[in-house]
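Student: The residues making up each chain are set out below.
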Amino acid sequence: MLDRLSNWLDHRTGYRDLMKEALDEPIPGGARWRYVWGSTLVFTFVTQVVTGFVLWASYSPSTRTAWESVYFIQHEMTLGWFVRGIHHFTAQAMIVLLVFHLVQVVIDGAYRAPREVNFWLGIVLMQIVMGLGLTGYLLPWDQKGYYATQVATEIAGSVPVVGPSIQQVAQGGTEYGHHTLTRFFSLHAGLLPALLVAFLFLHIYVFRRHAIHVKDTKGKPDAKFWPDQILKDGVACLAVLAAVMGLTLWKGAELTAPANPAEAYSAARPEWYYLFLFRFLKFEWVSQAGEATGLGEAFGAVVIPGVLMGILVLMPLIAHIRGGHAFNVAYLWLMIAGAGALTGLALYEDWYKDDQAGRDFRTAFAKAHHDGERAVELSQSPSGIPPEGAITLLRTDPLTQGPALFNTYCIECHQPASREGEWTRTVEEQTVVIPPTAPDLADPHHPEDVRFGSRDWIRSVLTDFSGHFHSLASITVENGASEERAEAAAAILDGSMASWSSDNAGTLIADANKADFDALVEFLYAQSGRKDALPLDDDQVTRGRAIFDSGELTEGTIESCTGCHAMHAQGDEEPLSEDMYPILTNYGGHDWLTRFIADPEAHYAGNGEGNNAMPGFADQLSPEQLDLLVRWLTGDYYEPQSE
Amino acid sequence: MIEKTPTSSTEEPRRDFMTKALAVVVGAIVGLVPIVAGAVTMFDPLIKRRRSVLGTDDDGFLKVTSASSLDSTGAPRMFPVIADLQDAWNKFPNTEIGSVYLWKTSEGEIKAFTSRCPHLGCTVNYKASEKLFGCPCHDSSFNLDGTRNNEIPPRGMDSLDVKEVDGEILVKFQKFRAGIHDRIPV
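If you read the sequences in order, they're chains A and B. Convert by adding 191 to the 1-based position in the first sequence; the result is the number in this note's numbering. Convert by adding 206 to the 1-based position in the second sequence; the result is the number in this note's numbering.
No false leads were slipped in.
SDA-like mimics (lysine to any residue), calculated; alpha carbons at most 25 Å apart, straight line:
hint, chain 1, residue 1, chain 2, residue 2
1, B, LYS297, A, TYR829
2, A, LYS211, B, ILE235
3, B, LYS226, A, GLY220
4, B, LYS254, A, GLY443
Simulated from the structure, these hints should not be mistaken for laboratory data.
Given these sequences and hints, build the entire structure.
Tutor: This is the structure we're talking about:
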């Protein structure tokens with residue numbers, strides 16, 4: 192029955208001849224491992240078609256949906272992370288396998304007559320694969336892909352005469368936008384794969400026409416493609432797949448924060464296989480040569496690589512010259528060594544070199560990684576991704592924007608203790624370290640760990656006021672402060688709270704009063720309304736409230752806080768005290784801090800009588816910015832529930 | 207065309223069989239991993255059920271309109287159904303998710319029908335002159351009480367649960383499988 196069916200089918204289609212042609216290809220000298228590279232490339236391409244189709248079925252190319260749909264594939268869809276990981280790492284494996292294939296072909300001399308045309312077809316295929324890598328890198332529309340691809344399109348734009356037109360056609364306009372994605376996607380999933388299939392067909396057709404190039408049979412018996420060589424090919428493919436799966440499980444395909452044209456990405460690097468070119472363009476002499484030749488950046492980015500690639504193309508012709516083959520082999524190894532050295536140099540400078548640029552790169556990379564994780568956290572939060580896209584999630588996130596604002600507006604005075612000395616200014620051509628002039632509130636490098644308003648902060652203010660605010664001593668006229676500010680700073684350090692602290696610290700930290708001191712701190716902490724404060728009716732808080740009001744502790748008394756401070760305790764109907772400054776109502780909370788940053792003087796000492804040394808920021812920060820900064824400092828932002 | 211090439215198969219048929227078997231196994235592994243993983247991801251909609259309409263009450267009812275808007279005519283009118291929608295990665299607040307026919311009968315009963323035709327899912331029109339619902343696609347026709355007026359649709363129009371709370375009309379907006387006799391929620 193089965194026989195009759197297959198006879199019928201063969202009669203109508205001739206499939207047996209085709210199978211025989213495909214499988215019984217003779218391999219003189221037997222199957223060998225060095226022949227596997229072409230097959231692994233076919234395998235990786237098929238894998239890319241399969242996984243690429245699945246990704247395509249869930250991907251949405253626009254600036255407000257690309258990152259979002261990739262996020263959904265990566266974090267929500269069943270095995271989406273796996274399929275994307277396979278696609279991501281197989282793309283990189285293809286580049287490695289291309290190099291292996293090229294090396295094998297060149298050192299075996301398989302590019303020589305009559306196989307020149309097939310060598311050229313192979314080089315075309317290499318360009319297509321590199322184009323696929325380049326176009327695919329942009330599609331997630333994350334910071335990494337966005338900024339790395341900018342460089343590529345700017346390079347295209349640097350080509351004399353036609354460059355700007357090429358760039359605009361590729362981008363779909365003068366700037367990146369929806370059409371950049373739709374165009375890159377149509378290239379990546381449409382034109383380039385179609386071209387690849389066409390050229391691959393020609394490549395294999397011509398390969399079969401000339402049969403496999405065997406350098407030396409070494410007297411071994413012949414074999415056929417099936418099953419001997421196929422088994423070796425299969426094992427090689429299995430090794431490639433294992434490596435790709437290993438990387439997927441170990442590293443996974445990264446998704447950094449959504450692309451943001453307003454947010455610098457200082458860790459922008461192309462995919463690793465373009466790093467050599469990236470590093471090459473960093474050499475000053477390359478730019479100088481570009482300047483001298485009038486070609487600009489195109490000299491290093493287009494002309495030089497074009498010439499090097501041109502020599503590669505000419506290899507089959509060069510081989511006709513005496514010593515040509517040896518030259519070709521040497522040239523190829525030299526190219527690989529050069530690219531390898533440049534790649535190594537770039538990696539070393541970014542990841543290991545202990546200089547400012549290296550440290551900056553690593554800081555920026557860590558931040559990008561952190562932002563990416565945060566964007567995912569927020570996307571998974573109950574509020575979800577709004578129609579305007581995930582980019583708004585980070586823009587309205589206090590944990591992301593607060594530290595950035597702090598870095599811009601606050602950090603020069605409020606230097607993190609561990610980073611003192613990082614800030615300098617130039618005075619009469621001398622670099623002078625700026626001393627901190629205000630207490631350490633937080634370090635934007637560790638945004639989850641805010642010191643301001645914490646229980647430790649409150650303890651420190653109460654028991655070591657002078658130490659806590661010691662940096663105010665640097666607000667002097669010599670350091671460039673106005674006389675008013677210098678006086679205000681001195682007044683704070685010399686003021687009544689400083690003496691209160693030194694008078695009462697001993698009582699507060701006495702062993703017998705430990706619980707009382709904790710209660711007082713908790714009461715003050717609870718005023719901020721922070722998420723981790725004890726509830727207002729907790730015994731500890733009410734005990735603290737009593738101490739705040741009366742000053743009476745288990746052992747001894749302190750001067751009552753209500754004697755100097757206005758305080759309307761949270762949850763109370765009547766204020767404990769009024770009309771005294773500094774106001775402690777909602778101390779360290781959203782309202783208190785918002786008003787304090789906007790205008791410290793009015794808030795701290797009443798209208799017009801201000802004696803706070805901090806400048807007001809009402810004019811510098813918009814209400815939205817102020818809100819983001821305050822919400823960060825007071826811990827008012829989304830945190831995923833830990834399970 | 208077909209060349210005779212020496213093979214090891216005549217000498218070592220066992221070894222050759224092993225090679226073939228191994229080649230098939232290895233080939234199956236490398237081929238199936240991407241295909242199976244890809245298929246699993248493609249079948250994600252069958253694996254994970256994602257609630258898409260948000261903001262209903264505990265029984266699944268959504269506010270559609272105010273009770274007073276039904277007082278006037280007594281004829282069916284179409285109302286859009288607005289809800290918060292979770293569509294894959296996006297959360298759309300207050301967006302259109304469908305439409306319903308609502309009216310109050312002369313006995314004061316509130317009727318609610320989904321506007322989706324039970325035949326093949328087109329949106330049904332109400333023809334006031336004939337006092338009939340008619341589907342513009344395949345001419346399904348329904349009476350005012352939702353029963354079939356011709357044999358094209360497999361069942362009558364799908365009525366929806368409706369209730370009045372604090373002067374608001376709430377409808378349990380549901381989708382039913384089209385093209386079959388039984389009324390089965392999707």
